[in-house]
Amino acid sequence: MGIGLKVRRLALLAGMAACAFGLSAAQAAEKHKIFLSMSFIGNDWQAEAANMVKAMASHKSLADKVDLQVQVAGPNAQRQIQQINAMVQAGAEAIVIFPISPTALNQVVKNACDKGVKVFAYDAEITEPCAYNVHIDQLEAGRVTAEWLAKKLNGKGNIIAITGVPGTSVDDQRTKAAKEVFAKYPDIKIVGEAVGMWSQAVARTELSKILATRNWDDINGLWMQVGCFTANSMQLEAGKKTSELLPCAGEGSNGGRVQMLPEGTEVEGAASPYAPLGAPRISYASPPYSGALALKLAVEAIEGKDVPKTTILPLPVVTNETIKLCDEGTWAEMKAGCNAFKPSLVSNPGWFASIFSDQTPEIGLAAALVGQPEE
Amino acid sequence: MSSAALSSPVSSSVGLRRALVRNRGALIAAAVLAILLFIVDWVSAGPLTYFDVSFLSSGGATSALAAIGQTIVILAGGFDLSAGAVISLVNVVLASSMDPMAPGASIILWTAVGIGVGMAVGAFNGFFIAVLRMQPIVVTLSTMFILQGVTLLVMDKPGGFVSPDLGTFYLGDAITGWLPMPLVVIGIVLLAWFWLKGTRFGTALYAVGSDADSAAAVGIDVVLVRFAVYVIAGGCYGLAGVFISAQTGSGDPLVGNPLLLSMFAAVVVGGTRLGGGQGGPVGTVFGAYILMIVVNILLVLNVSAYYSTIAEGTILVLAALAGSISHTSVLAVQLRAARARLAAWRAGILPSQLERVDRRLKIARPSHDRRSQASPRPAFHLRNAETLRYALPAYVCLIIIVVVTQIWLGRTILNPGYWNSLLVLSSFLAVLALGQGTVILTGGLDLSVPWTIGISGIVLAGMVNGSDAALVYALPTVLLIACAIGFANGFGIVYLGISPIVMTLATNGILQGCALLYSQGTPAGFSSPMLRWFMTARLGLVTPIVLLMVVFVVAAVLLLGRTPFGRRVYGIGNGLRAARLSGIGVERALILVYMLSAVCAALVGIMLTGFSGQASLGMGDDYLLPSIAVVVVGGALITGGRGHYLGMLGGVLLLTALQMLLAGTTLPYATRAILYGLVVLGAVMALRERRLQ
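Read top to bottom, the protein sequences are chains A and B.
The first sequence: position 145 = 145 (our numbering), numbered continuously.
Position in the second sequence counted from 1, then plus 1000, gives you our numbering.
Next up, chain B with everything else stripped away, as it sits in the complex (with noise of 0.2 Å):
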């Protein structure tokens, strides 16, 4: 607050003002909706009647009743990657259960199925996070995985039947010519959620979000809260499939799944901060409804389809922008400093312009013979515990995967050939997992992993071409792009002070588009011989790209745990101010940390083209979730500061056994999905938080 403000006399207008920056975020988010309104009003033929307004808002609807949901989780400090697979599969349970026979269907019943059922789901993520205390983000990506597994199970392919009645209801008009119904249902889970914010529930929300250590010593009950918040998130995503089903009147497995990402990406636009504790559901779906419009944009600007993800990258990153806009942004922040650094430089008083002494503080220290007297070294699991205590159960359920395998297909334990399959196939989720393992220490999250791994794959692809004498150039190449790449979400996350989840999604758009422009849609190129033979040739027992993980692992250790960058990844992580007070360079580490993990990612291309011979567009799209699930799996703390890179090796190898041996079954895949979630959530039940003393 400026001083201005402070010095002036209380008034009608200050709290005026106070509302005004509360709800900052969704005003602007609104002002955004409006202007791009406005241009598809302007560049489209005709003028914007009621009827394209009542599209717009069935079309929006789904994903802003959703991200409401995942707002309100968001809010209480926690994170649902189960939203998209909820949806999915309300979409089915309601379209294989209602009679095509019937005359009628009830709406109110229907629609209480579809909460229902989010509902329910919701309580069990719930008890996992609330009562058993375990990370949100593995709990809900296992019930992900779960619930695409039950949908399945309950239709395994799009069909079925949603009466026209529900249709009727949900996509009709609630005032005839002037309200759309779909904006009526958005306005009643608003109003439900003013409600819910003005009771003790809505403060004890926000309390818990903001710092539920502060919250649970003032008497809330944290447990119920948070059981709470969950299970009310659940009846949004349903209402948002029963939503679905009555625009789509059938049923599709699959209907809900692209749904997770752009949701994220709603309620950061939307002006709620990931971590909890600021922000609302009105800002989001005013976002939902921004990135549905531009959608409307493209069209009638006709922006060629290979720019389409680059145009929404970059409408994502300024709304982001304009969401932030404001004197104590971090882009005002950085640039007030900026001006301060260079009056100082004019002045000659920047700290690398003063001679050079040393002006440490003379502090006698203590002789180093009495202190190894007084306290001997701890012995090994002492100094480790904490480690251990998070790194071993991932160690522990691979050897028990590893012994179910070979007592289920047999040929596992004494085969050579199985340990080599697992370790190649470990390696692409290892190096990976040291890039994203290092962001998330941070308390970040890379989602530019995919299109960072397939441009990377792509361009190397494209410059080799068979030939082993030009990767002497083209690995150079794909690195330094990767480091281009890493840089950019470092800049656009610490000079910017764009969040990192909105700032890397925004580039893996930006990215995709420009893979498909370098290819033209079919990736040219493929591996050098010499890259082949380093990802499936055999030295003897080994492939050799396994003697340069053993060397990578060892490096990633060191990395991590012997060098002032490691310590400093560690020191963000468990407190940003307190790293920045302490004299860490924050900007430059983090920068670093975006690039390191860019660069694993580049690796990773590289590795998966020489495995498969050539590259394909979108082929690092099945290593987004995984790369974040090992991490976690691997005993990392999703909000930074805690974790090691041999817990989350653990998990990579954990993952990659319980793989191989689904894939070693002729198992159903819905069966297959259900088991490995129920694995996953089973390897993290031994890293819960224990409660506090």
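Okay, chain A solo, but in the shape it has when bound (with noise of 0.2 Å):
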């Protein structure tokens, strides 16, 4: 049987199912088979991103036409190669994947468009021309931070720059695209550079390191793709005061966020480090709302919708101008312009804080904590 052919069935079912009686166990049978191949799941992002996909699954829009089966496959390329494979004997419509490797995974993917499969990569990119990559720009991202940082400086000063893992594009396109902005700025000088790993407990362990024979009065600023939330806490426990804290770009998780708030503000839950200190702070992420979003398109696809290949999600900025607390963090109330959360609702400061679409209305904050899509 063709695929167009199936396909225009499919979509011939599911609106008789609209019109008709509901949903019975013959047409369940006629479901979109989808398969989720994450990559690391022992990773805040990753399972927060695994929750979102999940809950949009399971919103009412799509809950009738999504058979979801997750899959992981650790750091490990070659596993992910194999479980891809394996997708496609199974049957798979469309396949959504977390790319381990940009480029390690080319020929499968190939393999898997010729059978008929739609490909989506999210948050990270595969370079095979026949899959649709759902990602940021990560160089805008480099460049951006680069620039508030520098701008803040008053293009002058030391500072420290935590890099992610070394090897992967996206460590590669963020640090490449900061060092070019500083590069502009003959005053500023990487005085320490470390690989952070993307985690929070690494950028501590490496920060202790450079500071073993440095001093925070030497420093003027921080880069960091991920730990400004634990370099704060750092200068807090070496005695600086809250007004003292250092211009530090980084990552986007909540625990940064709600250091962004003006000191004194009243926050549900919030003990210190954790806790508004008015700390400068350029905050963006990678957003994790991204294979949900992928998961969406990937049904648009199947029904036969025009989906580009490539979608640039705009890079979620917050500075200490745009910080502004959510009260329960529903889909509406995050589209009137909040983005940090209340401890007492999120009390992983690790969390990633930037779960806001326009174009995934269907899910918000329970998405991503538990994987409930919106009403």
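Worth flagging that the hints you see were computed from the coordinates, not collected in a lab.
We put the beta carbon where it would ideally sit given N, CA and C, even for glycine.
Hints may contain errors.
Claimed, not checked - Incomplete in silico selection of chain B near chain A, CB under 8 Å:
no., residue
1, Pro1258
2, Leu1260
3, Tyr1418
4, Leu1423
5, Gly1466
6, Ser1467
7, Thr1671
Combine both chains into one complex, guided by the hints.
Structural data, given as structure tokens:
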């Protein structure tokens, strides 16, 4: 049976189900079979993204159409290749992937495309032309944050750079773009640089190592892919006042966002250092909703709609001027402009707060936390 | 061998049986693979077609080829941690040097390049291990770091180009519709192995792996055999690198690293004994495919993502158990022993049921006075000559590193902040070194450290949630969980006879699943103020944890040096059978050792939670290889029996000081990795074995 025919028949069935009596068992079998191949689940970002994908799949607009199966490939690209093959064999109509490598999956993805499977990569990129990609512009992320920091320092000062996982395209693009910006300011000097592995815990260890032979007073600013929350805590431990915190360009974790709120803001559940400090920050992130959006686009593609091969997401940037606390974290509330959550709702400060997208009214805070879609 | 077999007349059936016994590991692995294939066929929608077989064969080929190399090293009594790094290196070398514009690529040339790079790395390893007689685990660990750096220098991000010709060749069909090429490649490597095994070199390889001293005594050139083994293995990794390049069509500097641990699992599941002398690459190939096919089974059974590591761990243990089923397996022996004890208990003749009287042999003791007159107590440096020889190099290197730091970065030797940071950052590895070190002293290895740390931190943070009062019950709970983890490890190793690497690797996977289930993917809660104060505040010049470390170090030295437990540990490491015959309760001691290791890992989890203020998934991942490295750099023997905690502590301080030095510079990461590897290699040069007189 040709793919086009199958798609048309499915669309017809879905239409019938919608106008007739809802879902019967026979029609349930005709749901689109979609697989999610995640990378490393042992990571807050991944878990959050997976929750949002699951919430999207269970939202009332998609629940009747999608049969979603989630698999984890660990950090092993070889394994993800095998997994994607197995998914194609199992009759996937679409595969949503967090690609472990932008290049290693090319052959297997091409093979899947040849069989009519729609392949969607979220957050990171698959360079094979037949794949659909949903991600932010990592170069822009590096550039915007570096420019903010340079401006904050008036083009002068010593900074520490904490990078991500070496050998990945994301880290390479962010770091290169940032360094190009800093190179334009001859008076900005990177005096310490360490690999932060996108982890608050590693950022603390690496900062402790750097500061063993340096002093906080010798440093004027921080550019970190992940770690501003930790850096602020460390400065407080070292006896700095909240008004003396260094400007930090870094990640979009909720802990960091709460620290950006003006000192003295009443926030339920806050306890130092997970509390409003008025910390000078720019906060950006690869938004964890990208997987959910990829799923939504995948269903549209299966249904025959025209979906662009590359969807560049707007870079979510929050500064001290735009920070705003959410009350409940519904999608509607976030649309009105809030972008930080109370510690009483989000107990993990490392949790990523950039969950809002114009294009995904199906998912809000509950989706990211426990996989519950919006009403 | 059973008495029935001995008394039966010599016939061809004995030869057959002997062959079956000798290849039992491989045969059972093959049977397990067949069963798993059958399950996949049974539960998946359609029947298993040639297409599926072709997919499966290419999916497992990279790990199978690399694991063949690892098997050969292990057969000769070695250990190679650089395998994954070689695969990455070959991948980026091929991807960066092939010309996308060229009309076609020579498969023979590029395969030769890949194998050549692998063999060159193998020769590097072989030189240090065979010629300079250094411990394989440290040499290959250093090589791993160096290669990771070199790989990033060749290509700092994914990209490059591998000619599709390579893919067409390696992933195609040898006989269309009948025989996929990956199986042919593996077959050719195995045939080469069978030829090699039949030569004198093959015999020598098994002999060196079984007992290097005896092999040397009968005139085998042990140095040459060892050197050749690493070169051959390097060639296998190189071929695996070529294969993954063909499969992916491009380069990625991180592609090979995660293959390392599963490679060891493949070797052991395939029936090869760690430590050498027994097994072979055929079983390994089956082992590699068993591990690969698990992916398909999880998919068709739609196992929830959170359970996948638990399922894998369980399959690993079951496969290892299945591989050891026989009359002489540890499990069978233990069951027989238990039955014998039960019978003795019924008959009332267990030692503990007998009347308590002194049954020791009466040997006249020489009087204490005379002995002390005859031989005065030797001087300190003579009594501890061996310990000093193995522990000192780490401290000497530490001093050099500190001096270099002072010259390069300044503000070091006279800066109390530097020393405090050094001790605080060392404290994690110092605690781990006691646990991992004790396990290594008994000849084992604990790979469950990362997720024991992770689950301890996550459970603690979740229970404490910022309240000091909650520490009162949270700390004992976490430590009790750790005891249970250690007990499970020890029980599997001692009573089920599963090799420590497989058992603890499986436990690690199961713990990872448990941590995910417990935290639902995002660990909640954070450290209490007191715990954070303990790890980050200053009492005058030092952080409170430093004071505790002093107590810990004294306790650790006393534990290993002055208690019956410590003497049992060294006894077991020097010879399990001798220890058993001399009346040591080997089972109980080993279980205690693994419990100690788990408790140490849990302490690190608690400390890290205090240090970072929160717990995160994967917080222990960066501590596994360093925990092994510091123990060996500190002068311990990876095969057990030799080492001192103070030496390990020196190793911890040395590696931490080195990392602090590198972090203070602005050298690129690739250069740092290479320097780190070179210094570790240099530090252990002094530890090399002296040639036997």
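Cross-check of the supplied hints:
| no. | hint | result |
| --- | --- | --- |
| 1 | Pro1258 | holds (4 Å) |
| 2 | Leu1260 | violated (10 Å) |
| 3 | Tyr1418 | holds (5 Å) |
| 4 | Leu1423 | violated (10 Å) |
| 5 | Gly1466 | holds (6 Å) |
| 6 | Ser1467 | violated (10 Å) |
| 7 | Thr1671 | violated (11 Å) |
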